[in-house]
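Chemist: Sequence order for the protein chains is A and B.
Residue 1 is where the first sequence starts when you use this note's numbering, and the numbers rise one by one after that.
Residue 1001 is where the second sequence starts when you use this note's numbering, and the numbers rise one by one after that.
Just so you know, these hints were derived from the structure itself, not from any lab.
Listed below are several chain A residues computed to face chain B (Cβ distance under 10 Å; list not exhaustive): (1) Ala74; (2) Leu87; (3) Leu139.
If you anchor each label on the Cβ, the simulated ranges turn out as follows: (4) Asp1220/B to Arg126/A: 24 to 32 Å; (5) Arg57/A to Ser1108/B: 53 to 61 Å; (6) Asn120/A to Ile1164/B: 47 to 55 Å; (7) Ser89/A to Ser1108/B: 31 to 39 Å; (8) Glu179/A to Leu1214/B: 39 to 47 Å; (9) Ile1164/B to Gly39/A: 39 to 47 Å; (10) Leu1011/B to Pro37/A: 40 to 48 Å; (11) Val1151/B to Arg57/A: 31 to 39 Å; (12) Ile1169/B to Arg117/A: 53 to 61 Å; (13) Ser106/A to Ser1108/B: 42 to 50 Å.
If you want the footprint, here are the derived chain A segments under chain B, 3+ residues with CB under 8 Å: (14) 45–55; (15) 64–73; (16) 76–84.
Here a beta-carbon is modelled for each residue, glycine too, at the ideal position from N, C-alpha and C.
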Amino acid sequence: MSELLELDGVERTYPFFALRDVCLRLDAGQIMGFVGPNGAGKSTTIRIAMGLISHDRGDVRLLGHSMPGEQAVAKQGVAFVSDDVGLYSYATVGWHLEWVASIFPSWDADYASALMRRFNLHPEKRVKGLSHGERVKVLLTLALARRPRLLVLDEPTSGLDPVARHEVLAELMAVLQDERRGILFSSHNTQDVEQISDRIAFIDRGRIIDSSDKEVFLDRWRRLELELPDGVALPSLPGVIDVDATGHLAVATVNAYTPDIPAAYQCAGARVHGVQRMTLEEIFVATVMTSRKEQAQ
Amino acid sequence: MSASIIRPLILKDLYLLRPMMIGALAFGGFGIALMPFGETPFFVGWILLFIATVLLGIFITAVGVVTERKDRVHLFVLTLPTSPAQYTAAKLAASAIAFLVPWAILLSTALALIATTGIPDGLMPFLAALLFYALCYYSLYLAVALVTDSVMWSTLVIIVGNTIPVFLIPALFRMPGVSADPDPSGPVWTANVLTVLACEVAFSAAAVGFALYLRSRQRDFI
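Chain B extracted, bound-state conformation:
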């Protein structure tokens, strides 16, 4: 019973989060569909794709964690035969599935499209780094939501998360390997690009790991 409670908790969250997953796939998919039709459609397309993944992370956390706590539904769930650790594990698993599945589908579809059409291959690392940034943003927002119900912290994460791309996007375009040249002279997946991707993954893992550590030290769960 104890272990099996995690499954219905995950399925419940996925059921409740499915409109956001479908919405992100539709919105992001529309962005990807625009990409092969020239420079401007590509520009609009990757922006839509990026917005879709960022919004997915925000909505999943807002609906799955923040609103559940604000509406006192977590109290109902915690009265079921579950421990706070199981509740957190299920919440994290469901949230990760709800984000990572559409995110991975969108990312792989976009990269496959670039690789198989006339879009310059040098834009693949740019798009990958950008979508991995959306992963960082989601992880940080989820981490903050898991450990605190402070509106101030959540708002701060959203402000910072929305500001960083203003600096990140030009920086990514200047990275070796990133190029709009249809016939790039060198490899596109350079060491710099891979380092950026690795840093983004490490940051995401660290944010969630730190949140789980803090959560495990909390004495009260309501």
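Looking at chain A on its own, in the form it has when it is part of the complex:
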């Protein structure tokens, strides 16, 4: 599998924030969801990957090129879309398309036209008159029609209405039909990430706190609903990261689930009323809270 992006031990220190030992790897054919709360370091990491911000330590390789030194070559095969990227407000959508097309020999004019129709964009319209959602769609059209090997998306669905979000996500899924391509998708919206990603990395307070295949994440996390008869104390089990007990009821959160865990609780005298899979949002929140608790200790 060819490697599209690799960050190894990347660090960057600011007066009130530091990115610490960030390691990420994205291969062709993958969509990586990069999830973190606001201010966690998602955008900083992505901008370091794109060469827009320099790093203090570590190595960044984009399409095999060392960053930021070889960024002009590396970015030939990379497209970047972020909700805070602007366009020339007095120029038309069509002018932007023509200008970007003049830069990229790989520009696919038919695909650009198809995307314009699908997104209901009009080339003669000035950027000034576009809604936020339309502007994101123009940026996405400009990015996708270049046929990049790697698409880097920083909160692309932020501020989009549900229909626009669906359209954008559907188009991203279509990109991955070509297995040579990959997407790095940053968001704090776990629903979007869960919908399209096959790999997930969680970041909080400048550190990658967990990273794995989505299915592995979803498989290993469980929430157990327990009833505790009088006099029963729950044993401490490996993989159980939190137990929230109220009276005779308890909820155990497990990040390395095996059938042995409910069996062990039953042996200890607890009644297991349910074993539930967790949504990515629940897993994300639990991971962040556990990480913060560990850092505080």
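Dock chain B against the given chain A, drawing on the hints supplied.
Modeler: Frame of chain A, contents of chain B only:
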């Protein structure tokens, strides 16, 4: 690809800046056209010409650099296959072309008009020094815009840049060689005049050079 990216970046900026270039040529050209029709039209004409070149420099920098950064468009451009150094080089080249071409056309036209009509030749160095001051003003504003997005610094440059002519214009009129005498006794391009022009060019080059030096040391470009 790396080198060729500079060309579309320059052409893009020139496309976006062309209304300002055309506007400055029209406005300044109107000022020049007034000049041969007597003392008062000449006075109004050179003021219009000076305003046209000053406004050209301000608008080119404001639209090409300041607004591009304020609207986060530079982030879009920097995601194209370009390095920050190439982006800065293209920005500087496009801005210089957008300013210097209309400026040079207006300056040479005005000087040619003075040389070929009854306007006193002694006013040529005055007009040249004044338009070279507009070059200094543009260079300083561009330099500040390239290295900082501080509104305070930009405003300060505009205030200072607009204040200096109040002192500069009377000083230029007192310079040897500058004269409204239709039949000047000596050469108009005196050593003083040439020194002033050389200082203005040196200041412009130093301002932009210092900005490029500071820019090359910046670690982040957004």
